Structure formats: structure tokens, C-alpha cells
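Here the protein sequences come in this chain order: F and L. For the first sequence, the residue numbers in the working numbering are 442 to 540. For the second sequence, the residue numbers in the working numbering are 295 to 1048.
In short, the hints are calculated from the structure, not lab data. Among the hints, a few may not be true.
[Claimed, not checked] Restricting the straight-line Cα-Cα distance to at most 16 Å, the calculated cross-link-like pairs of lysine to aspartate or glutamate (EDC-like) are:
id, chain 1, residue 1, chain 2, residue 2
1, L, 726, L, 908
2, L, 986, L, 1001
3, L, 906, L, 920
4, L, 1025, F, 512
5, L, 734, L, 667
6, L, 1025, F, 476
None of the values given here were measured: they were computed from a predicted structure.
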Amino acid sequence: MLLNQFLLLSAVLFSIGVYGVLARRNGVLVLMSIELILNAVNINLVAFAAFTGTIGGEVFALFVIAVAAAEVGVGLAMVLLLYRSSRTIDLTTVDRLRG
Amino acid sequence: MSNLLIAALSADAGLPLGITEGGSWLLRNVWLIPLLPALSFVGILTFGKRMPRGGSELGIAAVGIAFVLALLTGVAWMDHRDNSHDQEVHVAVVQFDDHGVGHGDGSEEGHGGGHPSLAVQRTAVWFQAGGMEFTVGTLVDGLAVMMLVVVTLVSLLVHVYSTEYVHGDRRYTHYFAFLSLFSASMLLLVVSENTLQLLCAWELVGVCSFVLIGHWWEEKPNSDAALKAFLTNRVGDMGLLVGVTVLFFAAGSTLPGRFGSFSIAETNALASSGMLSHTALVVASCGLMAAVMSKSGQFFLHTWLPDAMAGPTPVSALIHAATMVVAGVFMIARMYGVFFEGFQIGGSSINLMAFIGGLTTIVGACMAFVQRDIKKVLAYSTISQLGYMVMALGVGAWTAAVFHLFTHAFFKACLFLGAGSVAHAVHSFDMKSDMGGLRKHMPHTYRTFMIGTVALAGLPPLAGFWSKDEILVGTGGWGLLGGTGGNGAYTLMLGMGMLTAALTAAYMTRCVYLTFFGEFRGHGEPHESGPRIIVPLWILAGLAIVVGFLNLPTGFQLAPGSLQERFGHYVEPVAGYFPAITHATPSWSLAIVSTLVVILGIAASGYYYFVKVEAASKAAGTSLTELPDGPTSRYPLAAMGYKLLDNKYYLDHLYSGVIANGTKGPLARLAYRINQQVIDRTVDVVGETAVKAGTVVYDKIDQLVVDGAVNASGRASSGMGEELRRVNSGKVQSYAAILFAAATVLAGLLIVIV
């Protein structure tokens, strides 16, 4: 089985996600990048489950998808509220908690 | 003589003490008598306020039972004296070859045979210290039993009298409590087996007198009088302490294996046997004499006694008749072996005790002439009579002195209570301004007071005559018709006694005239007192008539031999602890002369008051108390004498002005100097050192170490916060970057470690 390819794909997706989270200014795009990270993890989980012939990884992946849906719901709502209050979704300008 | 002693020692294995540990139940359990009033003291203090009669019933019951017990003990003692064959106690002594005098043989000469009267002693260990047992116990002999009866009887009558006299008083319960304690202390004193116990009881008596004299302490003179009584007594108490200590160690030098003895019987027996050093006995006698002078009001420590009249009158009666001032006389009688040897009483030369007694008796009698206060007349009269007793003891007339103590207790208590009854009616003690003519208003008080007066003056056949006559006989100074014998020819003491007899008769005549004759000078209408005052008065007056017959002189032709010298037979010890005194023989001529002297005193004073003052009063139309042109206004010498007496011989000025002020100035300066130079300097040095040490601690430890640590930790946390503030940028992505970096580092670590 070609585990390496799946892991490689996962690593690429993860890296793209991390880049997106750190580099993008747009809040929505940051959320999407987080989705990429989560899906990279899902690929890993499913790949290893298939590789070992067990079902635990797939079950875990299902949970991650559910949590990711909820997370996106909350995250988008926050972005919406952010937009309403400051007319922007640029995360670099939102630093009211600066110490 | 030394042969005698050695013989006695080998036969009896030691020095006979004249005491026994046997005896009947009553004689062995005499401690119950002081215990009863002591319990009543505690009971009255605890429950008195809640009792229907304020605790007085408890006191009366306790003293009443004690009186009955004392009477029974008296009966038991009489039986013991005549029929006892108990084993005598001996004590081992260090044997001297040269100067030991066998004693037991000597004492019986004076009494004309008869077996010795062994005192009943019972002791218990009080405490132990330094390998020595200190005991407490009872020594019961005729003297103790006589005192028990007198004290309980007078105390009982005073208790009853007081229920009316101090009725409604603000400290009624408290008064009765201390009356009980007073009686208990005196009873403890008279049964004391050792000098230490005697000392404690002596002090207790002093404290009780202080409390009772100052009973109405809200008024300054009363509390002053109480303080004066207490402090004057302290002067003598030092003497008692010295005497007791000297005797303790002196006795110890003769007792093998022991370093001292407080036992009265031992001390007296050793002193009588000549085993104690004469120097120690002289020192001890002088110390004890100082105690007697303060307690029994002997000249020149008598000044507290007239002031003690500030107390309630029943207390004065108790103090003067039974519980306080006779303690001194009792103590001499108790320690007579010591005094007899210490002052060489048998030696016919005038000794300190006889001289002080004789002086006191005249000094006190003179003072009684110038008093306005009826109680003070009686107080000075007591001083004078106590002087009589001390004088009698000083000339070796032991039985006469003790008998006079006995009779005096009754007629003086009668007079004091009578004076109290008068004062109760007229609300004053001033004879000159508030009394006069009271015989019509107070017939019972008048009659009893007259009986007491005649007894005190010493007219036959009342009590005072017999005891006074015995004392005069005992001086041995009478030279007519064969003389009287005795321990020596004390002619000076006889003269002093005669003079006092005349003076006593005269001042009592004056007192009676001012109180009961003439016209009433006070305000209102005086009434006779109630039965609780009258009944004790009549009991005491009756006793003042009859007690003299208890000791009819030996060879008195008008009475059968079995009635002669009864008191002396039962009271005077014939035992190892009592010295061998010689008894005088009575003399009809002396008795007649002394009676004539008394009548002369009454006549002189009576002529002045009942004839001349009475006539002057009639002429003036008011009741006078003295002649307007009396001797003091006519003769400058008489005026000077009056002034001297009126100022109490300037003794109070001497004490408070010269002695007290003379010592308190330098003392205060010395104290100030010590204060400034020693105490203050020490305090200053300590203070300065403390300040320096404090400065060092503040500068070095507090400022540098403690504050430094606190500041450093503050600065550190502040700086760290400043650094960490920058991390908190508020930018989500920088947090995320840190998160990922940390995750990366942790992952790297995980790889390295695993």
C-alpha cells in the first residue's frame, strides 16, 4: 500500500494550511487554512487506519469532521461580528487585546 | 545541784517537761474550741447575707457551743489536775556537768506537796523543712483552760450584745464574721503548743483588731486609729519574732540531734533548768517584752489603745477584756520560765518587766483623769490594769496576775458594755457635754456600771479587791506585821500599786459622777437599752461580784480551807515547764491599808465632784462638770500637769512628729538618691543600649536585607512583566506562530528523546 504518498499529501496540505494561518490577513481565509490543517490530519488518520486494517482512525476522522464543522460555524460567526463592529476582517488590525 | 540533775536524768532518761500525751478526750481535743468560731467565720462570710439574721445566729451558736465545750474542758481539767497519773514526757538533752539545775524538785516546794499538774499536749506535724518537723498542736493546762472559758464567755456575751448594738449596721454580717475570727484567733493563741503557732495566732489577733477597730472606716479618724493600732503592734511584733527566733536556736543548742525547738514546754523547761545561756534568755525576754508592750498597751507603746476606741463598743469590750490586750499578759504567763530566768524575777532586784508594768499602771491611771470620752477613761483604765498584771508578773506573783486578768475580764467587759449602753442611749461618748444624771433614765445600766466600778476600784468583797490585793501581797514589799514574803521585797512596786489603787478609785468616781449624776446635759430623752444589752450586763456584773471568791487567800480565817486558793490550785502549773516561784503569804494589815487607800481615793474625788461641783452646779443653775475655779486655774503646776496629760505626755507628738518625720525625711532623700543614681541610671543605660542595638538592626538588617529582598523581588517581577508584555501583541497570528513554533519545538524534543 502506498502509505508514503498519503503522508506526503497530508504533510503538503498541513504546510499549506500553516502558511495560510500565519500569512493570510483575511479572517475567512485563515479559517479555510485551519480546515486544510484539519483535513491533512484526517488524511493521516484514514491512511493509517487503512494501512493497519483497523476502524479507529476512520471513526476519529468522522469526529474531527464534525468538530471542524462546528468550529467553522463559530469562526464564521465571529468573523461576521468582527466585520459588523469594525468594518473589516483584516486580522492584523484587530489587536485590541495588545498588552 | 548538778548531782541532782544527773540523778534525775538517769532515772527518767531526760529532762521532765511537765506535759503528758494522755488525758481525757476533752483535754486532747481542745482544738475543737478554736475551730468552731473559725468555721463560723467562713460560714458567715459565705452564707451570712442570706441568713435571716445576717449570720449573727451562726456566730452566736458557734461561740455558744465553744463556751459549753470550754466549761466541760474546765471540769475535765479539774479532774485531771487532781486525779491524773499519766506518763510524763521527757526530752533528751545535752548533759552539762556544771550548770544544770534539777527542776522538778524545786517547783513542789512552793506548793507544799501534791503531785505535779501535767499539761496535756497534743501535736500534729504541720510541715517539714530542712529535716525539721514543725508542729501545730494544743497545750492544755490551767492557764489555757481559764483563758478558754474567759474568752468564750466574754465573746458570747459580746456577740449577743452586738446583735442589738450594731443592729442595722451597713456591714452587720461582716462585723459578725470578724468577731468570730477574732475569738477563733484568740482561742488558737491560748491553746498554742509552740511559739510559731503562737506567733501566727498573735498576728491573726492583730489583723482582726485592725479590721474591727476600722469597722466604720468611712470616717478618717477610724481608719487612722485602725492603722495606728496595727502599725504600733508591728513594732512589738518584731520583738516577738526576735524573741521566738533566739529561743528556737538557744533551745537547739541543748537538744541533741535537733537544731532548734519552738515547743513552749521544752523552751520553758530548758530555761527553768538553767540549761539555756543567760544572754540568750535576756535577749529573748527583752524581745518578747517589746511584743507585750505593744499588744498589751504598756507604756510607751500604749498610744494605739485609746485610739482603738474608734471601733464599735462591743469590740472594745472584747479587745479589752478577752481577746487582744490580754494576749500580751497571757504570753508572759505562758513563757514564764523564760521571763523568770531572763529577768531574774526571783532576784528581788527591780527588773524591766516590773518597772514597765508599774510605770504603765500609774501613767494610765493619770491619763484617765483628763478624758471627756467615757470609753477613753475605760481604755486608760485598761492600760493601767494591764500594767498591774505585768507588774505582778514582774515581781513573780504569777497567780495573782493571772487571777487579775480573770477578774478584770469580767468587770472591764461589764464597764465597756455599760458605756456602750449609755452611748447607745445618748448617741455620744462625751461625758461632759452629753451625759449626766443618767441614773434616773437607765437604772439597769447604772447599777451594773456601779458594780463594775466598785469591782475595778477594788473594794471588798467584789472581784477586783481579791485580785488586786493578791498582787499587792505578791510584791513582797509590805513590811508590817511580819510582811508577806514572796519572790523578793519589791517596795517600789508596792508603792506604785497602792498609788494606782487610789487613782483608780478616784477616776472611776469622776467617771461615774459625770455619767450618772448631776443633771442630764445632752439632747432628747435617753432610754434604757433593750434586753439583749441588759442581760449580758447583768451576767457580767454578777460575775464581777462573785469571781473574786474563787481565789480566797490561803489562811483566810473567814472561809473553810477547802475554798481557799482554788483558782491558784487549778490554774497555776506545778510542772517542769513552769519556774519554781515562791508564794507570798496574805496579810490582813495590807488588805486593810489598801482598802483604806481606795476609800481615800473615792473620798477625795467624791468630795470634789459630789460636794463641791454639785454645790457649784446648784449655785450656777446648770449641771457643771468641773469647778470654774478648780486647781488647774489656781495653781500653775496643776495646769502644767493637766496640759501634759491632755497632750498624752506628748508621746503622739514624739512618734509622729519627731520619730516619723525625723526618719521619713532622710529616708525619702536616700530613696530619691538611690532612685536617681542607681535605678534611673540602670534604666538609662539599658534604654540607650537598646536604642543603639535597634539602630544597628534597622540600618543593617531591616533596611539592607529584608527591604532589599522585598524590593528586588518586586523589581524582578515588574521587569519580567515588562518583557512578557511585548509577547502579548493582541495579534491572533503572532499567537498562532508561537503556538506552531512551540509545537515544532515540542515535536523535535519528542523525536530527540524518544
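**Prompt:** Taking 16 Å as the top limit, are the C-alpha atoms of residue 986/L and residue 1001/L close enough?
**Reply:** Status violated; Cα separation ~20 Å.
**Distance restraint between residue 906/L and residue 920/L, which requires alpha-carbon spacing of 16 Å or less** = The hint holds at about 9 Å.
**Message:** Hint check: residue 1025/L vs residue 512/F, CA-CA at most 16 Å. Holds or violated?
**Reply:** It is violated: about 20 Å lies between the C-alpha atoms, which goes past 16 Å.
**Prompt:** Within a Cα-Cα threshold of 16 Å, do residue 1025/L and residue 476/F meet the stated pairing?
**Reply:** violated, 20 Å
**Asked** Is it true that the CA of residue 726/L sits at most 16 Å from the CA of residue 908/L?
**Response** holds, 14 Å
**Prompt:** Within a Cα-Cα threshold of 16 Å, do residue 734/L and residue 667/L meet the stated pairing?
**Reply:** Status violated; Cα separation ~21 Å.
Taken one by one, the earlier hints fail for this structure at numbers 2, 4, 5 and 6, listed in ascending order.
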